[in-house]
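Chains as they are written, first to last, in our numbering: chain A, 1 to 382; chain B, 1 to 330.
It should be emphasised that the hints constitute simulated quantities derived from the structure, not laboratory data.
The C-beta atom is built at its ideal place from N, Cα and C for all residues, glycine as well.
Just to be clear, a hint being listed does not mean it is correct.
Claimed, not checked - Cβ pair distances, simulated, as ranges: (1) A/R377 to B/I275: 22 to 32 Å; (2) B/R266 to A/K343: 28 to 38 Å; (3) A/A2 to B/V160: 56 to 66 Å.
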Amino acid sequence: MARLSYPSASLPASTEELRLRIRSFLADEIAAGTFTPRCDTWLGQHSPEFSKKLGANGFLGLSWPKKYGGHERTALDRFVVSEELLALGAPIAAHWVSDRQSGPSILKHGNDRMKEETVPGMAAGEIYFSIGMSEPDAGSDLANIRSTATKVDGGWLLNGTKVWTSQAHKNHYFIVLVRTTPLSEGGGNRHIGMSQFVMDLRVPGCEIRPIRLLTGHHHFNEVVMTDAFVPDYMLLGEEGNGWNQVIGELAFERSGPERYLSTYPLLSALVDAIGPNASNEAAAALGTLVARLTALRKMCISVAVMLDQGKAPITEAALVKDMGTQLEREIGEVARQLVPPGKSPAFDQLVSDSILSAPGFTLRGGTNEILRGIVARELGVR
Amino acid sequence: MKSCEESSPESLGSADMSNVDPLLVETINALLGDHCAPEVVVAAEGGMDVALWAKLEDAGLTLVGVPESAGGSGGTLFDVAAIVKAAGYHAAPVPLGDSLVAASLAALRGLDVPAGPLAVAAGPRVTWGPVAGHVLSGSAWVSSTFADTGTNYAGEPWGVGSFAVSETDRGAMALNRALLMAGGLQRAVDLTLQYASERSQFGKPIGKQQVIQHYLAEMAGEACATEAAADTALELVAAGVSETQQLQAIGAAKAVAGRAVGIINRLAHQIHGAIGFTDEHRLQLTTRRLWAWRDEHGTESEWAAFFGQSLVAAGGSALWPLVTSWPPVS
Chain A
1 MARLSYPSAS
11 LPASTEELRL
21 RIRSFLADEI
31 AAGTFTPRCD
41 TWLGQHSPEF
51 SKKLGANGFL
61 GLSWPKKYGG
71 HERTALDRFV
81 VSEELLALGA
91 PIAAHWVSDR
101 QSGPSILKHG
111 NDRMKEETVP
121 GMAAGEIYFS
131 IGMSEPDAGS
141 DLANIRSTAT
151 KVDGGWLLNG
161 TKVWTSQAHK
171 NHYFIVLVRT
181 TPLSEGGGNR
191 HIGMSQFVMD
201 LRVPGCEIRP
211 IRLLTGHHHF
221 NEVVMTDAFV
231 PDYMLLGEEG
241 NGWNQVIGEL
251 AFERSGPERY
261 LSTYPLLSAL
271 VDAIGPNASN
281 EAAAALGTLV
291 ARLTALRKMC
301 ISVAVMLDQG
311 KAPITEAALV
321 KDMGTQLERE
331 IGEVARQLVP
341 PGKSPAFDQL
351 VSDSILSAPG
361 FTLRGGTNEI
371 LRGIVARELG
381 VR
Chain B
1 MKSCEESSPE
11 SLGSADMSNV
21 DPLLVETINA
31 LLGDHCAPEV
41 VVAAEGGMDV
51 ALWAKLEDAG
61 LTLVGVPESA
71 GGSGGTLFDV
81 AAIVKAAGYH
91 AAPVPLGDSL
101 VAASLAALRG
111 LDVPAGPLAV
121 AAGPRVTWGP
131 VAGHVLSGSA
141 WVSSTFADTG
151 TNYAGEPWGV
161 GSFAVSETDR
171 GAMALNRALL
181 MAGGLQRAVD
191 LTLQYASERS
201 QFGKPIGKQQ
211 VIQHYLAEMA
221 GEACATEAAA
231 DTALELVAAG
241 VSETQQLQAI
251 GAAKAVAGRA
261 VGIINRLAHQ
271 IHGAIGFTDE
281 HRLQLTTRRL
291 WAWRDEHGTE
301 SEWAAFFGQS
311 LVAAGGSALW
321 PLVTSWPPVS
């Protein structure tokens with residue numbers, strides 16, 4: 001019978017030195033007033049200055065080759081640095097996507113010239129990437145994309161519209177998924193004929209329009225490509241292999257600690273807000289949240305270890321993301337009931353971050369309904 | 001219902017834990033799988049299955065975790081945990097988990113380990129007390145005489161008496177229940193997955209309905225989280241962290257497990273429909289035990305409150321160091 005399992009795993013002791021190093025770096029930064037901890041910073045708090053500092057201190061591109069500015073450490077080292085950054089609510093949106101998935105994807109599928117032009121800059125925290133997957137008619141159903149690339153002399157002309165492109169107005173490139181063969185020529189297989197390109201977001205023919213969130217905050221964009229030119233060497237991987245590459249990218253996108261730590265700064269503040277004279281009801285609500293968080297973290301470490309061993313725990317990652325994103329939302333719901341508004345401006349800010357960002361938690365990177373479908377397929381019922 | 005017996009009693013993840021002997025996992029699952037047919041389990045309720053106990057004793061499985069020098073079978077805490085999870089998975093109608101805890105604790109305290117089933121006094125109500133030859137109360141074996149006796153939802157006997165109880169023993173038994181629940185929850189998921197694949201309505205297996213698929217995914221997640229929480233506590237106990245931190249992790253595990261029982265039992269029964277809560281169906285053997293175990297040795301809210309109070313006492317700045325020390329680095 002099919003069964004999901006998370007082999008019991010823990011982080012190696014070799015990660016401890018790095019943890020202490022990033023912890024002390026962050027303590028210094030907070031002391032220096034570089035940033036104030038916020039919730040949901042990995043998508044919304046874009047700070048090139050801070051990302052450059054992380055790069056200069058060797059905290060980015062941890063598992064990448066030294067040749068491209070990396071540090072040839074493990075993915076578990078990156079896990080440790082990521083969770084420390086998230087727990088302290090640091091402004092990490094500028095480099096988040098490039099460090100998590102664009103860099104690894106380019107290192108895996110890209111050619112030398114593409115790598116040389118983009119990867120060292122990513123490792124230095126100077127070049128930032130967005131994700132070019134969703135379209136107006138392709139959300140959960142990603143295979144329904146309509147954007148195209150047409151071969152021309154020396155490159156490709158891209159046409160179509162991408163949406164929900166976080167930070168496209170501030171970032172340098174996006175990895176964009178388009179059709180290089182018309183849908184009609186796929187013989188009924190919609191996954192055939194897609195390709196990925198690394199596209200400069202400042203190229204003529206690329207128009208970036210803001211889509212404001214319900215808070216008025218701007219990180220989403222609509223990216224309209226009208227004969228936007230991409231040179232040949234910026235075709236990522238193989239022409240026609242885009243779908244498989246995207247699926248591989250999603251394993252990185254869905255497996256990380258940002259899928260349960262987006263509201264951790266609020267959870268941490270909640271401990272002090274309810275204080276040592278907490279009622280048992282309040283303590284139990286807090287205890288339940290932390291108990292679930294630690295269980296999910298253990299599962300996430302298991303996924304990270306599997307990824308590090310070259311396995312593809314796509315289903316296991318999907319399930320942790322489903323549970324973790326629900327927990328992120330619940331932290332806000334519990335906090336707002338235990339500590340009424342007015343406790344302190346800083347606490348209210350964290351609650352407000354959590355409540356108003358919460359709709360995105362269970363949508364981004366694949367909705368929870370899509371994720372449960374992936375789990376059901378693995379269990380053999382779908 | 002016969003086909004349920006054929007589902008392979010796999011290792012519940014513990015075979016992946018390098019320090020558990022895979023042969024041990026295979027042996028205990030084979031032995032319990034062969035023996036624990038529904039009618040056998042039902043017949044033993046109210047007491048214990050003496051024949052099964054004898055088989056386990058013959059195989060040396062009742063003294064795992066007790067050093068060979070003390071007359072035991074040897075083995076680690078993780079070996080004991082693998083047996084307890086298997087007992088939970090198979091709804092074994094014997095005090096195997098409680099007895100293993102009693103034997104290990106007694107050996108640690110330099111006591112002789114008597115033959116036969118053992119129990120631990122970890123509160124006024126001693127689970128399995130009436131069928132145990134000896135009850136461990138602190139650092140002594142006491143005779144099992146009880147002012148009152150009864151059974152839990154699953155027909156597992158208990159006795160009430162006045163015994164000295166330590167926090168350590170209360171924690172050990174709570175962890176034991178979390179491990180039993182990890183096993184039982186996985187069984188509930190397996191049984192439900194099988195039923196959803198076999199039961200047809202509207203011309204197709206009910207598992208083809210999206211809502212059922214989503215229920216199954218939720219159930220699988222809660223079962224895995226329970227095992228992760230119990231394993232975390234186990235690893236911290238094995239690593240010899242402070243007793244305070246051991247109890248925090250055990251409390252967290254019991255809280256996660258108890259909450260998961262509420263979710264998984266509800267969905268398992270909902271998916272099984274009416275047949276699942278009849279006495280002829282295997283599912284109820286598991287769900288009744290899970291409902292009993294989540295109440296024994298501290299409910300999820302008691303342990304969550306204990307854990308939460310320890311967190312607020314330590315303050316917000318201590319939370320992240322705690323989170324990142326679970327599980328301990330290897």
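Could you check the structure against the hints above and give me the numbers of any it violates, in ascending order? Hint 3 contradicted; others consistent.
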